[in-house]
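Number of protein chains: 2
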Amino acid sequence: MISQKMLALGQSRSCIRELFEYGMKQAAVVGRENVFDFSIGNPSIPSPGAVNEAFVDIVRTEDSLDVHGYTSAAGYPGVRKAVTDDLNARFNARLRPENLFFTCGAAPALIAVVRALAVEGAEIVGVAPFFAEYRPFAESNGVKFVVTPPDTEHFQIRLDGMADLINEHTQAVLINSPNNPSGIVYTKETLKKLAALLTEKSRQVGHPIYIIADEPYRELVYDGAEVSWIPNIYPDTVVCYSYSKSLSLPGERIGYVCVPDSAADSDLLFAAVAGAARVLGHVCPPSLQQRVVARCAAERPDLAAYDKNRRALYDALTSFGYDCPKANGAFYMFVKAPGGSSKAFSDRAKEKNVLVVPGDDFGCPEYFRLCTCVSYDTIQRSLPLFKELIEACR
Amino acid sequence: MISQKMLALGQSRSCIRELFEYGMKQAAVVGRENVFDFSIGNPSIPSPGAVNEAFVDIVRTEDSLDVHGYTSAAGYPGVRKAVTDDLNARFNARLRPENLFFTCGAAPALIAVVRALAVEGAEIVGVAPFFAEYRPFAESNGVKFVVTPPDTEHFQIRLDGMADLINEHTQAVLINSPNNPSGIVYTKETLKKLAALLTEKSRQVGHPIYIIADEPYRELVYDGAEVSWIPNIYPDTVVCYSYSKSLSLPGERIGYVCVPDSAADSDLLFAAVAGAARVLGHVCPPSLQQRVVARCAAERPDLAAYDKNRRALYDALTSFGYDCPKANGAFYMFVKAPGGSSKAFSDRAKEKNVLVVPGDDFGCPEYFRLCTCVSYDTIQRSLPLFKELIEACR
Numbered sequence: 001m002i003s004q005k006m007l008a009l010g011q012s013r014s015c016i017r018e019l020f021e022y023g024m025k026q027a028a029v030v031g032r033e034n035v036f037d038f039s040i041g042n043p044s045i046p047s048p049g050a051v052n053e054a055f056v057d058i059v060r061t062e063d064s065l066d067v068h069g070y071t072s073a074a075g076y077p078g079v080r081k082a083v084t085d086d087l088n089a090r091f092n093a094r095l096r097p098e099n100l101f102f103t104c105g106a107a108p109a110l111i112a113v114v115r116a117l118a119v120e121g122a123e124i125v126g127v128a129p130f131f132a133e134y135r136p137f138a139e140s141n142g143v144k145f146v147v148t149p150p151d152t153e154h155f156q157i158r159l160d161g162m163a164d165l166i167n168e169h170t171q172a173v174l175i176n177s178p179n180n181p182s183g184i185v186y187t188k189e190t191l192k193k194l195a196a197l198l199t200e201k202s203r204q205v206g207h208p209i210y211i212i213a214d215e216p217y218r219e220l221v222y223d224g225a226e227v228s229w230i231p232n233i234y235p236d237t238v239v240c241y242s243y244s245k246s247l248s249l250p251g252e253r254i255g256y257v258c259v260p261d262s263a264a265d266s267d268l269l270f271a272a273v274a275g276a277a278r279v280l281g282h283v284c285p286p287s288l289q290q291r292v293v294a295r296c297a298a299e300r301p302d303l304a305a306y307d308k309n310r311r312a313l314y315d316a317l318t319s320f321g322y323d324c325p326k327a328n329g330a331f332y333m334f335v336k337a338p339g340g341s342s343k344a345f346s347d348r349a350k351e352k353n354v355l356v357v358p359g360d361d362f363g364c365p366e367y368f369r370l371c372t373c374v375s376y377d378t379i380q381r382s383l384p385l386f387k388e389l390i391e392a393c394r
Numbered sequence: 001m002i003s004q005k006m007l008a009l010g011q012s013r014s015c016i017r018e019l020f021e022y023g024m025k026q027a028a029v030v031g032r033e034n035v036f037d038f039s040i041g042n043p044s045i046p047s048p049g050a051v052n053e054a055f056v057d058i059v060r061t062e063d064s065l066d067v068h069g070y071t072s073a074a075g076y077p078g079v080r081k082a083v084t085d086d087l088n089a090r091f092n093a094r095l096r097p098e099n100l101f102f103t104c105g106a107a108p109a110l111i112a113v114v115r116a117l118a119v120e121g122a123e124i125v126g127v128a129p130f131f132a133e134y135r136p137f138a139e140s141n142g143v144k145f146v147v148t149p150p151d152t153e154h155f156q157i158r159l160d161g162m163a164d165l166i167n168e169h170t171q172a173v174l175i176n177s178p179n180n181p182s183g184i185v186y187t188k189e190t191l192k193k194l195a196a197l198l199t200e201k202s203r204q205v206g207h208p209i210y211i212i213a214d215e216p217y218r219e220l221v222y223d224g225a226e227v228s229w230i231p232n233i234y235p236d237t238v239v240c241y242s243y244s245k246s247l248s249l250p251g252e253r254i255g256y257v258c259v260p261d262s263a264a265d266s267d268l269l270f271a272a273v274a275g276a277a278r279v280l281g282h283v284c285p286p287s288l289q290q291r292v293v294a295r296c297a298a299e300r301p302d303l304a305a306y307d308k309n310r311r312a313l314y315d316a317l318t319s320f321g322y323d324c325p326k327a328n329g330a331f332y333m334f335v336k337a338p339g340g341s342s343k344a345f346s347d348r349a350k351e352k353n354v355l356v357v358p359g360d361d362f363g364c365p366e367y368f369r370l371c372t373c374v375s376y377d378t379i380q381r382s383l384p385l386f387k388e389l390i391e392a393c394r
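Residue numbers (the UniProt record's numbering), protein chains in the order written: chain A, 1 to 394; chain B, 1 to 394.
Honestly, the hints are just simulated from the structure, not real lab data.
Hints should not be assumed to be uniformly reliable.
Which copy? The list can't say, so a pair holds if one copy fits it or any two copies do.
[Unchecked claim] List time: in silico DSBU-like cross-link candidates among lysine-lysine, alpha-carbon distance up to 35 Å:
#	residue 1	residue 2
1	Lys81	Lys5
2	Lys81	Lys350
3	Lys25	Lys81
4	Lys5	Lys193
5	Lys25	Lys352
6	Lys350	Lys308
7	Lys387	Lys350
8	Lys81	Lys352
9	Lys201	Lys5
10	Lys5	Lys144
11	Lys5	Lys192
12	Lys336	Lys25
13	Lys387	Lys336
Construct all of the structure, not just a fragment, from the sequences and the given hints.
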């Protein structure tokens, strides 16, 4: 009499979590320094100093009942205003505080949007490679998830493949740039072509097809890559965000859904997001974290360490003969598995205590993902093992 | 193309939130001190000093990456151990840390349990009066919610009424003691009779019928009332908890599901709760709050202010002729509406800027709810208005 669907999801867990927990166990056996865990996207640069100062100062100086009390479900006015101001200044976005609905991170933000769009027969189109949790998020919340095949040349979007998937049930296209797992930023050109396709398709099917832009890595870019504010390119865009990466607060669960006025039926969609959040058990995001974000809305991460890791790993792996696109965002690299199967490669790597995530659940079984948010020392000491691994495939 | 269900939930909001937001607006017009807002259960006694000290000390002294990093979805081992130890010491509960799954408060805890039990045709039995959100929590997550009629004499459980509602689809009975909205604690005798009924009914229907015990007010009791640890009375019990009230942290979103080993299929049920949490967008509860709770697991609230309010309001209202049970838990009073309709009474009270929640959504339209977690001054100054309100009904 227990839901078999929920049981399966609880027992399988995500492949990433599985590897992460294996890594922690293995660390107890062989020593933490001998496990090369590239599995989980846990930021490795600490939060900006202002963030921890804000935590302390707010608790020290503000009224305890205010600090820890319920806020409006969408967040307290101060945080909605501070973040709107920051986004408007950076992106010429013309948002009102009422466009933001704060959530416990990007995962419930995405799911609230999914449920808000979960009409009978609803479909959402993803783009391979995609964050592995998108599939259970959609499928367990009443929406069919269909996937655009990967562009393994440039890791942009194969619009020809996407066009074939869109029909009258298509409610949205879910994109993620900078991308997890590829580390690639979608170019403005890609986004403009996507906008053109969706404008045309929306007209054909007779209703708006939204873009859901999942952007937890928005601030993590390198080599001068530009991350566009997508509602400026395609008005029917809903943005989901998290401070997990930009402020190195992944455990603290704070993010938002942004439904700009430009999106079709924006008032109704915002209300439906609020209704969906309610039946997900959302009351408000952690109130102290809201206050910290309000104070630190303009803080940016110091990316030097991630950038150094990215360069070192890319240079070494390509010199060994690995094939991978040069990531310019997030803290991931997506590498073609020598031998063809990333699952088999991940298993062989695991024997050397090198933990990499096979690409199957990302919709790209020929590639594996590396998180570059590890210590530089981990990277340096792992390189001989990566060399052995590719040599063993020859 | 927007989900009409989610839209309706987002537009209607809860009656409590509606009144609360009205109160805030009205405060701007007539002055905060002239709005007598008894609508929302926002704790009015600050967190114990140790809680705020813990917030500051953890941020100051512990490694930032650890403090703010992802934890296991169920919570980091330290918090699961600390809380298990405390429960075992108080209730002779024999829990293992692995029995606790930490969540962002009691709401997502309850919903995860609901979804874990949401097999085809599943029903959950509630007991009037009940927390108004139970209905959308259940009905929007695939479960039919049926309600045992209220025992308006003692505000215990009408087991005759409940027995008629149980059938082969019944997955659980959802109870809440100390009760919101009545403020009444279910007696051990009530719980034993409930256990006997469910044992018999489980046998009849051929599968366990769980108790889901929603216990955010567990530590808020008066007049020597005893709150039983329900798994000790009925093994097939799952407990949902929140620190919102006991540590005055309602905005901080930290609580748990406890699936004791005694519950039927406890391992499978725990896994299904984890799976359900995953598709609700749960990643982990706020990591800083987890650490604070780990340090403060043995802290108890100082209830003197709530108790003083409770006595003052009860004595005054009954002296005016109001009819209400004497609450011995939580921070609520449930009062019979003079004139019969609590909706009409609430509307009349609103004209005097006295905000009370009609009982319709709690399954008791003849009663209204008062939150006693207000200032003593608010109570004192509201009393003449309550007197006028009942006199106007004569």
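Checked hints:
{"no.": "1", "hint": "Lys81 x Lys5", "verdict": "between (40 Å within a copy, 29 Å between copies)"}
{"no.": "2", "hint": "Lys81 x Lys350", "verdict": "between (47 Å within a copy, 30 Å between copies)"}
{"no.": "3", "hint": "Lys25 x Lys81", "verdict": "between (44 Å within a copy, 18 Å between copies)"}
{"no.": "4", "hint": "Lys5 x Lys193", "verdict": "between (38 Å within a copy, 34 Å between copies)"}
{"no.": "5", "hint": "Lys25 x Lys352", "verdict": "within (15 Å within a copy, 63 Å between copies)"}
{"no.": "6", "hint": "Lys350 x Lys308", "verdict": "within (25 Å within a copy, 62 Å between copies)"}
{"no.": "7", "hint": "Lys387 x Lys350", "verdict": "within (14 Å within a copy, 74 Å between copies)"}
{"no.": "8", "hint": "Lys81 x Lys352", "verdict": "between (50 Å within a copy, 33 Å between copies)"}
{"no.": "9", "hint": "Lys201 x Lys5", "verdict": "both (33 Å within a copy, 26 Å between copies)"}
{"no.": "10", "hint": "Lys5 x Lys144", "verdict": "both (15 Å within a copy, 18 Å between copies)"}
{"no.": "11", "hint": "Lys5 x Lys192", "verdict": "between (38 Å within a copy, 33 Å between copies)"}
{"no.": "12", "hint": "Lys336 x Lys25", "verdict": "within (28 Å within a copy, 58 Å between copies)"}
{"no.": "13", "hint": "Lys387 x Lys336", "verdict": "within (14 Å within a copy, 77 Å between copies)"}
Going through the hint list in order, the structure satisfies each hint without exception.
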